[in-house]
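**Student:** Mind docking chain B on chain A? Use the hints.
Protein chains in written order, with this note's numbering: chain A, 279 to 498; chain B, 279 to 498.
Among the clues, some could well be false.
Intra- or inter-copy, both count: the list cannot distinguish identical chains.
[Stated by the list, open to error] Quick list of in silico lysine-lysine cross-link-like pairs, BS3-like style, CA-CA up to 27 angstroms:
no.: 1; residue 1: K292; residue 2: K481
no.: 2; residue 1: K481; residue 2: K285
no.: 3; residue 1: K400; residue 2: K481
no.: 4; residue 1: K346; residue 2: K410
no.: 5; residue 1: K292; residue 2: K428
no.: 6; residue 1: K346; residue 2: K481
no.: 7; residue 1: K498; residue 2: K400
no.: 8; residue 1: K400; residue 2: K292
no.: 9; residue 1: K355; residue 2: K292
no.: 10; residue 1: K498; residue 2: K410
no.: 11; residue 1: K428; residue 2: K285
no.: 12; residue 1: K481; residue 2: K355
no.: 13; residue 1: K292; residue 2: K346
no.: 14; residue 1: K428; residue 2: K346
no.: 15; residue 1: K410; residue 2: K355
no.: 16; residue 1: K285; residue 2: K346
no.: 17; residue 1: K498; residue 2: K346
no.: 18; residue 1: K481; residue 2: K410
If you're looking for bench data, these hints aren't it; they were derived computationally from the structure.
One letter stands for each residue in the lines below.
Protein chains: 2
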Amino acid sequence: MSNQFEKTPLNQVKRYHTRGDYDRDTIYPIVDASLICHVGFVDHGRAIVIPTIHARQGDNILLHGSSKSRLMQLLAKGGEACITVTHLDGLVLARSVFNHSMNYRSAVLYGSGVLIEDPDEKMEALRIFTEKLIPGRWDDARQPTPIESKATKIVRIPIDLGSAKVRTGAPGDDEADYALDIWAGVLPMRTVFGEPEADPRLKAGVDVPNYLIDYAASLK
Amino acid sequence: MSNQFEKTPLNQVKRYHTRGDYDRDTIYPIVDASLICHVGFVDHGRAIVIPTIHARQGDNILLHGSSKSRLMQLLAKGGEACITVTHLDGLVLARSVFNHSMNYRSAVLYGSGVLIEDPDEKMEALRIFTEKLIPGRWDDARQPTPIESKATKIVRIPIDLGSAKVRTGAPGDDEADYALDIWAGVLPMRTVFGEPEADPRLKAGVDVPNYLIDYAASLK
Chain A
279 MSNQFEKTPL NQVKRYHTRG DYDRDTIYPI VDASLICHVG FVDHGRAIVI PTIHARQGDN
339 ILLHGSSKSR LMQLLAKGGE ACITVTHLDG LVLARSVFNH SMNYRSAVLY GSGVLIEDPD
399 EKMEALRIFT EKLIPGRWDD ARQPTPIESK ATKIVRIPID LGSAKVRTGA PGDDEADYAL
459 DIWAGVLPMR TVFGEPEADP RLKAGVDVPN YLIDYAASLK
Chain B
279 MSNQFEKTPL NQVKRYHTRG DYDRDTIYPI VDASLICHVG FVDHGRAIVI PTIHARQGDN
339 ILLHGSSKSR LMQLLAKGGE ACITVTHLDG LVLARSVFNH SMNYRSAVLY GSGVLIEDPD
399 EKMEALRIFT EKLIPGRWDD ARQPTPIESK ATKIVRIPID LGSAKVRTGA PGDDEADYAL
459 DIWAGVLPMR TVFGEPEADP RLKAGVDVPN YLIDYAASLK
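So that you can see chain A by itself, here it is in the shape it has in the complex (with noise of 0.2 angstroms):
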């Protein structure tokens, strides 16, 4: 079975088409490398574009959030989403203006929601959220009570297309421009975290769990 998602007019990469991919081999790790996407969907309308945490299981993207929030009643009823995932990489200086770029992994998915209402189904997802945030987080914290389950609304949304754009590597410029005594090169990027920093109201005597430790050295 082939692992790619079909090509339609919705999800076709046409600007710099071959750094298109329609692959859920190259889509989902992106996908997956990332804590939060932003989800757009239409009200009245119009685009709105909302910030969100997101986890993925199988070909399904989950969200959440409160039971009242606008995105999660119009998903919970079957809405509409684009959710997109951006990953910087690097700024790519070109000798020219004109061919300066950015080094990036992105994912554009589409599907429509699905509300989680079976209690188990539910839990599975808030562990899956949890454990995609911190991994050793579930088992460590309180979990949910069925009140703090009812508050929060879970969608699944199937993943019906996809693409990734990705761009590497060095500036592309014009033949003409490499004989310029200008610099050109990559400046990186990446995302990096912290020490942990403890709640003022910890508890004595509670140390940093190893996971923590372990999570804050995965991203240096």
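**Tutor:** Here is chain B on its own, set in the frame of chain A:
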């Protein structure tokens, strides 16, 4: 004159409304501190969300792209956009799963595109983009030719409405949970630059410019 955006159903922060802020003095620094934004627009009835470089010129957002890009064509015709900028500042580990959160600064702006056609205005916009991306670069790089300028569409989007949403500080747990033997606090996150990497085809004898060394050092 008030520096606040009007609060309407479109831009009002509903969830955790105390985190909402409508002051340009709060919103604009959030917008300016990010190298990219996520732009939402409606195409054939669906919301599409695209990451792109932005710059601000007073009460306008500048966007640019290929003359052939779907987004730029739509905005050039006066299309509406939602422009969202998000910074992740940390993971907030509460004692309960339910109260986990993130520290973040986000801004959501609304407006409609106006095509910039005047060549001088266009060149000034390209200068603003370049200087925002890499301060000092405009005077060093080879500047756009008329043909390159023609291949680029630039729109300005007068900001009609805007809001910011910000969370800072320690977790907020249920009072009873503070007695639990669970570590709580914040894992800070930030974006950093690495060391400049020269283009393999860099002309011999061209050193990394001082403005780039300074810029790389500004996010360590």
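**Student:** Flag every earlier hint the structure violates by its number, smallest first.
**Tutor:** 1, 2, 3, 6, 7, 11, 12 and 17
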